[in-house]
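Undergrad: Read off the chains here:
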Amino acid sequence: MKNSLCREIPDNILEQLNKKPYSSPFREVPDFRAVGRKVVSVGPNDKKLLDSIDEAIDKTGLKDGMTISFHHHFRSGDRVVNDVIDRIAKKGIKNICLASSSLTDIHYPIVEHIKNGVITSITTSGLRGELAEAISRGVLETPVVFRSHGGRARAIESGEIRIDVAFLGVPSSDEYGNASGERGNSICGSLGYARVDSRYADRVVLITDCLMDFPNLPGSIKQVDVDYVVVVDSIGDASKIASGATRFTTNPKELLIAQKASKVIVNSSYFKEGFSFQTGSGGASLAVTRFLKKHMLEDGIKASFALGGITQPMVELHEEGLIEHLYDVQSFDLYSANSYNRNRKHHEIDASYYANLYTKGCIANKLDIVILSALEIDIDFNVNVITGSDGAIRGASGGHSDTAASAKLTVIVAPLMRGRIPTVVKSVQNIITPGETVDVLVTDRGIAVNPRRQDLIDRLNKAGVPTMLITELQCLVESFIGSPKQNEFEDEIVGIIEYRDGTILDVIRKIKEV
Amino acid sequence: MAFEVKDISYNIENEIESVTSLLEKHNLKLDSFVEKTIGVYEQDLLIATGSIAGNTLRSICIDEEYRGTSVINTLVSHLLNLLYDLSCTHFFIYTGVDAYRSFIKLGFHLVIKLESGIVLMENKANGIQDYLKEIKNITSNRETCEKPIIGSIVINGNPFTNGHRHLIDLAKEHCDLIYIFVVWEENSVFPNEVRYRLIEEGISDLNGIVLCKGENYIISSATFPTYFLKDVSESVQQHAILDLTIFRDIIAPYLGITKRFIGEERLCETTNIYNQTMIKLMEGSPITVTEIKRKESDNEIISASHVRRYIKENKWSEIKKVVPKTTYDFLNSKGAEPIIAKISNSSSRH
Amino acid sequence: MKIIQNGSAGTLESSDILIQVNPNKSKGINIHIDSVVKKQFGDEIRQLIIKTLQTLEVDCCEVSVIDKGALDFAIVSRLQSALFKGAGVDMNICWEEL
Amino acid sequence: MSQLRRTMLYVPGNNPGMLRDAYIYGADSLMFDLEDSIALNEKSTARFLVFNAIKDIDYGNKEIVVRINSLESGIGEEDIYAVVAAGVDVIRLPKTETAQDVLDVEAIIEKAEIKYNKVVGSTRMMAAMESPLGVMNAYSIATSTKRLLGIAIGAEDFVTNMYTSRSADGSELMVARSQILMAARAAKVYAIDTVYSDVDNEAGFRKEVALIKQLGFDGKSIINPRQVNIVHEIYTPSKKEVDKATRVIEASHEAEKKGLGVISLDGKMIDKPIVDRAERVVTLAKAAEEQ
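Protein chains in written order, with the numbering used here: chain A, 1 to 514; chain B, 515 to 864; chain C, 865 to 962; chain D, 963 to 1253.
What the hints contain is simulated information worked out from the structure, not anything from laboratory work.
Restricting the straight-line Cα-Cα distance to at most 30 Å, the calculated cross-link-like pairs of lysine-lysine (DSSO-like) are: (1) K47(A) x K91(A); (2) K59(A) x K48(A); (3) K1077(D) x K1005(D); (4) K1201(D) x K1175(D); (5) K293(A) x K272(A); (6) K1202(D) x K294(A); (7) K90(A) x K38(A); (8) K2(A) x K903(C); (9) K115(A) x K619(B); (10) K345(A) x K294(A); (11) K1024(D) x K462(A); (12) K650(B) x K686(B); (13) K485(A) x K619(B); (14) K302(A) x K1201(D); (15) K1169(D) x K263(A); (16) K1073(D) x K1005(D); (17) K294(A) x K1175(D); (18) K263(A) x K1175(D); (19) K1080(D) x K915(C); (20) K222(A) x K48(A); (21) K1202(D) x K272(A); (22) K902(C) x K638(B); (23) K1201(D) x K294(A); (24) K1005(D) x K915(C); (25) K1108(D) x K1080(D); (26) K360(A) x K38(A); (27) K794(B) x K661(B); (28) K1201(D) x K462(A); (29) K272(A) x K1201(D).
Computed from the model, here is a short list of chain D residues facing chain C with C-beta under 7 Å: (30) P978; (31) G979; (32) S1006; (33) T1007; (34) N1014.
Beta carbons: idealized from backbone N, C-alpha and C, even for Gly.
If we strip away everything but chain A, and leave its shape as in the complex, we get (with noise of 0.2 Å):
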């Protein structure tokens, strides 16, 4: 059947999962009980450090057909992901379900994975690289399941998603499981993502390649979570974990949109005393910080609170006083890991108290403005941000969804097109977010408002800010690039992507080879 936004959700999906097709934003009433993890006690005598991981998966009693965990606040530097998966194939253990957090270019082995039967289904906010490729060309035979980092918490919660083992790498840890994301060889910063899966999955293993003496404190991952450590050489690279400094755009294109976007924001009604905000990490959007900043400083204003990933450039407008808290889900770079040490109000968050809708207030629910980027947008305002041009997977759902229903204010900033590939389409290969949660588009050549804010269009143009209609800038961008050919897809379908209430708003098909 066909959902609200018009996308056809085959009726066996739904019965398969036993799901609703996507509705609207807030609709969704739940009923149901958070589900609890298994209970264990450890003694006083009992000792959690473990020679390897081998040795882990033995004793948490890692069998076929069950489901682990992984997050991916190591980014592309990640080496657990990879190296826990070889050790459970060696081990002829087969038929896992793979719930990560997320999974970037650097888990391209896990294709292997699958086709010698490891890996038979998967759950994650994104997919990319070869794995991706790998999957929209139908390796695996169940579809991926994209969550949204509240969504995924969510199914967490609810017992969609039951973690049988997670294998949590940490920076660093004791050898009774206090972890912290701040100390350690290689550093990531908060472990927003990770404490989820350690409060709820039966069995946790901590994975870190630097043990510290006992207590590890302050940390994010509490000893009452943890059932095991294993110590490693490497949990990754260094570098890739925590890139050394996000710096600005030079980009003068990401500019010019960071700065249009800036001017709507500062024209909007929510740029005010005490406003809130969040960026993405694409170049555009986080230059939009950049230009706020300046106008932040002549009109006098300051931010209550700045959310989502930390980045340099956000801990900088922490430090000179212009934002007065940081929530930290996940921190981008090593100047803002190193942050927790010397800032006392920035906050280090998991990934329910961000985005998970289903609790009694996610922080993103007090959210004024959200700058969000977009792989395409349409003309009804619906945004991908999973698959390319191409119809092929290379993207993550993350947070966009999430903040975008809960924000006051949505702002998308991208280029019109890049290269040959539009922006601004008719109508979007797959939905992460539905156009109904995003208020602007910002482009490099003009700024298109959704109807349903006339409110904003008034402000906007009588502030002086220029708007288009959106369809103006979908005409603009075919009478650059001429009108694409549709792509072709089979019947089959690779992935299904769920609304942060666990709705269906889409599903992703197998790509037709030519």
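Starting from the known structure of chain A, fit chains B, C and D onto it as the hints suggest.
TA: Quick look at chains B, C and D alone, frame taken from chain A:
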């Protein structure tokens, strides 16, 4: 982002040093035989480098920090345009497996990937397959028995001697069909076409032989650049493995070759390493290597390098003893005069 | 126009295209296209190349392109440039006919 | 002189992405370069690209300038034919030394206009002086032809010719800038300042723009889109200036309506140049608002 591209001068120490240190930082080196090197700079910082040797891009390196940016496009565009300007339209990239995906995006196609992580790519889709298809087309016209035994010999033939002929004759005894690949690089004193013609004439009485140009895939500047150097380079072994893996995994299976014949080598260290590597590499494959003792004349082995020495020393009676009449006649013809003049004035190995 | 030698133009930078033309050993036109948007625009690019060849009355050559998302004006420019190089013509071009 | 030429954005003629996007940064004029930013072996390639860009891309009513190669280079003539055929607005001459240089180019432009059925005289010209001789001849160059709408100084070559180099305060350019400016004003054409190439030095750039604005230049050639807004910002008149200009213009309209030959404001007589300047201030203010 605007990157600046500059030619690197081998005579300016600073420039060459910044290139070698960038390469060393990423565990690479500047090949000794490159002919031109360029650098990509951001402000005054060298962030990428690449070189050309013959028809091959080599010693390509992009500073780790700049990987994923458009600097690779800038670098490779420049190198390709340099090759185009030299009228080179079919070219290769010798690189590591890490960079392989990036080059696919720039229009390159895989020739072969070695276990060591070395990758050879070319700018033509199916370049090597097309080359082999053409060769096979010649053979399909030849009458052969049902399941012919097929052998192969690679000859530089600089120039063709009785030693080469001896090798071919012995090989013939074991095979129904023999592919003779002529090394196709203008690095020898006898030009490609001359070497080819002298072999052709020298075996015109034999059946069951397919004479083909080795082109880019057998002992070429793409597969084995160090073969043509005067001194033995430390990369010889690596290049030999590349060249022979292509033969073992692509050429031989395609043409059904199961035997390779080589002349025993005592004089030339590079060729000796090549031969020994071949014996090792073909182990466990369907290809058997037969090393044939060199034919001797007056207690001295016959070799093309001796022939060139005789030419230099003007010992025509010696020459007559070790080359076929066809070669001898050519050497006495007008066409040979520039070659002879060149030999008389040179000291090169080739 | 007759293509008598190799001609190339363009780069592999984003939004550009690298085009190489060679005299064709056999008769007619051979076009090889490698493009980041081959699925979406491969046919259009081919048509544009053919049209440009016809305009310049080139009926025998090999064209191979590596496209990084060039728009039509860039594709035409690079091809014209490569063709004129291939024809050995540099000056006194009839601009009104292009 | 109502059209604004605060910013003339250089676009290397061999970069399709930049040719496509140059339009979006809000510069008053775009200058596609076939000269110094193009390597020798890419000259003809760039010419094809600029030709097709002008023909195919809709730049709205943006003024399109092309900097051609000098005639001495042997390729300048082909450049002229190509860009006239494409329909360029302005041809900018590099390294102009004498009025004859301008006339030589004009003669070819005229031939090209006839050949391609363009209105003769429709292609305007600009000349850049990059040598002491050119600067000395600034006035005769500025008055050499009606096509010429402005003159510019190219500092990089100039300072080399002067046996010096560019400094932060620009003292080495003082005389040349003043000379160009005086010639331009005397000839009633635009005066455009040279580029500032240290893109990342925003403070230095601001200082230089403030200086040339104070000297009286109409605008500046710029090499990076990031510089556009800075120039426009500095050229934006203050509220006080705008208010005053508005009153001057009102007074002038008043006088016109009444058919008076003399304009007066607050009991004082106002001369024509003051009205001209007032109009310019208002135009600048309007443009700044639109940005």
